[in-house]
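Q: Take a look at the letters that make up each chain.
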Amino acid sequence: MSRFLYYLIFTSMMAIITTPVPRILLVQSADGAIGSMLIGTAAGMLFMYITVKFFIQFPGRDLIELLQAYTASWVRIPVTIYFAFIWFVAGAITLVMTVFLLITFLTPEMSIYTITLSILVTVFFGVLLKSKSVLFTLEIVFILMVPIGVIMFFKLYSSSELDWDQVSLSIMHINQMPKYSSLVATFFTFLGCSNLIIFNRYFKEKQKISILSLVAIGIFGVLMLVTSYFIPIGLSGFDQIDQFIFPWTSSADAVRMKFGIVERVVFIFMFLFVTIAFVSIIIHWHVSYKLILSIYRLKSLQVKQQNLTPFLVVLVFSIIGLWVTVQLTQYELYQYTKYYYYSLPIFVAVFFFTMLAIKRGASQ
Amino acid sequence: MTESKKPEMPPFMKLISEALPSSFDVLHVPLTLDDAHVHLLYMKTVVDGLTMQQSIIKPFYELDDEQKYGAYIQGLPNRLDPPQPDEILIMLTSGFVLVYADSTYSILEIRKLGNTLQGPTIAETTIHGPQLSLSEDLETNVSIVRQHYHQPNLYVETQQLNDKSNMSIALLYDEKEVNVDVLRRVKEKLDGLDEPLIQSAGELAVRLTSRRFTLFPTSIITERPDRIVYNLTGGKIILLVDNSPYAIVLPVIFFDFMVSMEENYHTYLISLYNTLLGWFGLLNCLLLPSMYVAFTAYSPEVLRTELTLTMAGSRIGVPYPSFMEVIIMLFFVELLTEASVRLPRSINAAATTVGGLILGTAATEASLASNVLIMIIAIVAISTFVIPMNELGFAVRIGRLFLILLTTLFGLVGLISGSLLLIIHLTNQDSFGEPYLRIGWRSKRSEKMVNSE
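Note that the protein sequences, when read in sequence, are chains A and B.
Numbering (this note's numbering) for the first sequence: 1 to 364.
Numbering (this note's numbering) for the second sequence: 1 to 453.
Next up, chain A with everything else stripped away, as it sits in the complex (with noise of 0.2 Å):
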């Protein structure tokens, strides 16, 4: 497997900090949380696998491609639209909650029209990059945030403030029943390679998936669950987790670094967090916006040799992004991710579908 698609599955996985799935989590931590990530994770690697293996028989294309190639356009417009869909609201969900994080933790002061704008300068130029450069931009701020990383759970997991008694109280909680809403939520964390619907395109060497990859991903995103649902336990204790509204942070908070010149590390983690969520915002809505490029092109924004659909529908982007931030609060933004996480087996089944045509299609 190329490199970079490991780096678009480990962002999708590290990006959860900044989307609700980590109170969806602890929300139901005595309910079934443990059971529904375990059978999340299995479902999780099972789609990761199916869908690798798909788009390896296919190196160098992408879905909208394939779909031209092999589909009749009835299937592929509402099938792209419908992907396009599901692609910015989860950059929306990503933008709107780490925005509410900065509004909270960073600059309660600051407008709140202030901080998007802050996030969607930067989201509006990286989502127009060709995506190329997408990936080395992914690829580059990856592996500076390793330090920080290795950082994080370094401290994390040493920190003396981390009662293990209290997880593994909650471990006692294994034998509920698995929810749904968690079982979708741990689904979610998996999604990362979904994004080969588009990025496929630049990985034209055959690849082959081999059992030490799948390892090395499902260890990745077990250690995020674990850290994005234990950590919050283990630092803040058992009983009141799901009173938290912003779990993870604000129990990362009880962290301090003794002799730093920052000392509540939770800043450092916020700093990590804040730029990979940028960076899954971008990745996100670039997916959508190729996907809907690939439908229409407005002929009557051609000004000299350059069409400006691609700045209108980054623009729209940008402007709905901004709208539903301004307009969500903190609960609505938690029940409306829920829902999105509800229909996630929908798609999961459009995904399928669209591949059988695929194949189909190709085998003819």
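Hints are computed from structural coordinates only; laboratory data are not their basis.
Note that CB positions come from ideal geometry on N, CA and C, so glycine has one too.
A portion of the hints provided could be inaccurate.
What the hints assert, rightly or not - Derived pair list, reagent style DSS-like, types lysine-lysine, alpha-carbon separation capped at 30 Å:
(1) A:K204 to B:K14
(2) A:K204 to B:K68
(3) A:K338 to A:K179
(4) A:K304 to B:K187
(5) B:K189 to A:K130
(6) A:K304 to B:K189
What the hints assert, rightly or not - Here are the computed distance ranges between Cβ atoms for each label pair:
(7) A:K206 to B:W279: 34 to 40 Å
(8) B:Y265 to A:Q330: 42 to 48 Å
(9) A:G260 to B:E195: 49 to 55 Å
(10) B:E195 to A:M257: 43 to 49 Å
(11) A:L223 to B:T275: 46 to 52 Å
(12) A:E65 to B:E195: 39 to 45 Å
(13) B:E188 to A:Q335: 53 to 59 Å
(14) B:S271 to A:T104: 26 to 32 Å
(15) B:G49 to A:K130: 55 to 61 Å
Please arrange chain B on chain A, whose structure you already have, making use of the hints.
A: Here is chain B on its own, set in the frame of chain A:
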């Protein structure tokens, strides 16, 4: 020009000489001995008089026979068959001599070489590397490169720019290593150049980039022969320009700018340490001023309490917000840097002392800037000089202002956002088709998995 005593100028030469302006240095010299007649047409100021005397005029009188002399001219190694008249005109202005002997025309290259002296390296100094830079003469420079790089696959292609200067340029590359696509692109760019006047390597490098508003340079300008050879072995293309002591290296990636040649002359750990120092300097110089703005004006709680108090305490009495303070001081340091470049060496020290020491102290005593900021600005100014390539230093100075702007508007998130934007700008750029910023791992195998469009 022609006097009545002189023998009649042959018709073709007459055509050429009429097309030339009647300036003092255009000379038509007829040589006559008994029956033998030879005509020379050249420009005195660009032709090497001594060589001409030795290799053209003296043999004529020694051989004493027009046929023999004609054969002699035919056998000279620097002889060319005369091309089209308009090309001959350009050749004459660059030091060629048109010879008419034994009823054939020959064009001989007897150029007066320009500044063939190799000066000491100024822009990129190293302690252990070669101490001499390129000269200002194209052929000497090609020979310098050849002497550093004894390989038969070193190709040298020369051509002339189609602007008013008609400058010769040489394209050097290692035929085995070079990327053919890039080579083709560079040649297309060179042929498609549409500029009235190009005078130096730097100017040519700027004209070769297609994007007008780009912050980071897409080619390296270097004066060091060892860097040229280092890049040749890496499959890069070198452009040498006549009358310029600098060579253009292309295509480049961002990491090339962070290589100091010094690093190749030390042991692994020392050069690793030097490289890290360079990167640390780059980050310092980009981020430190904006971090000061972010931490004093937006998010003081991020730093540990003691540090925040120290910074706040040092800012007591400063009458304006921290971004004003930073911008004023930074502007002042930029002025100082520019001044020290422009000034003659002898006054240089005085300007730096007055500017740096006295004004810095005075600014803090008058509480127009905090002590912490003065320190930061000093660190930033020093860090700028740690960056190995000068051009990157300029780009970083502008990028820094951009980061300060975003931080002033949006705080710490603005800083993160701005840094990402810089990365995005860099990854979006390409240098002659090569991605500008990407991490090239040692193994080339995985690199191929993301192919270029």
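Q: None of the hints should be skipped; say for each whether it holds.
A: Now for the hints, and whether the structure bears them out:
| no. | hint | in the structure |
| --- | --- | --- |
| 1 | A:K204 to B:K14 | violated (64 Å) |
| 2 | A:K204 to B:K68 | violated (67 Å) |
| 3 | A:K338 to A:K179 | holds (12 Å) |
| 4 | A:K304 to B:K187 | holds (27 Å) |
| 5 | B:K189 to A:K130 | holds (23 Å) |
| 6 | A:K304 to B:K189 | holds (22 Å) |
| 7 | A:K206 to B:W279: 34 to 40 Å | holds (36 Å) |
| 8 | B:Y265 to A:Q330: 42 to 48 Å | violated (59 Å) |
| 9 | A:G260 to B:E195: 49 to 55 Å | holds (54 Å) |
| 10 | B:E195 to A:M257: 43 to 49 Å | violated (56 Å) |
| 11 | A:L223 to B:T275: 46 to 52 Å | violated (31 Å) |
| 12 | A:E65 to B:E195: 39 to 45 Å | holds (41 Å) |
| 13 | B:E188 to A:Q335: 53 to 59 Å | holds (58 Å) |
| 14 | B:S271 to A:T104: 26 to 32 Å | violated (46 Å) |
| 15 | B:G49 to A:K130: 55 to 61 Å | holds (58 Å) |
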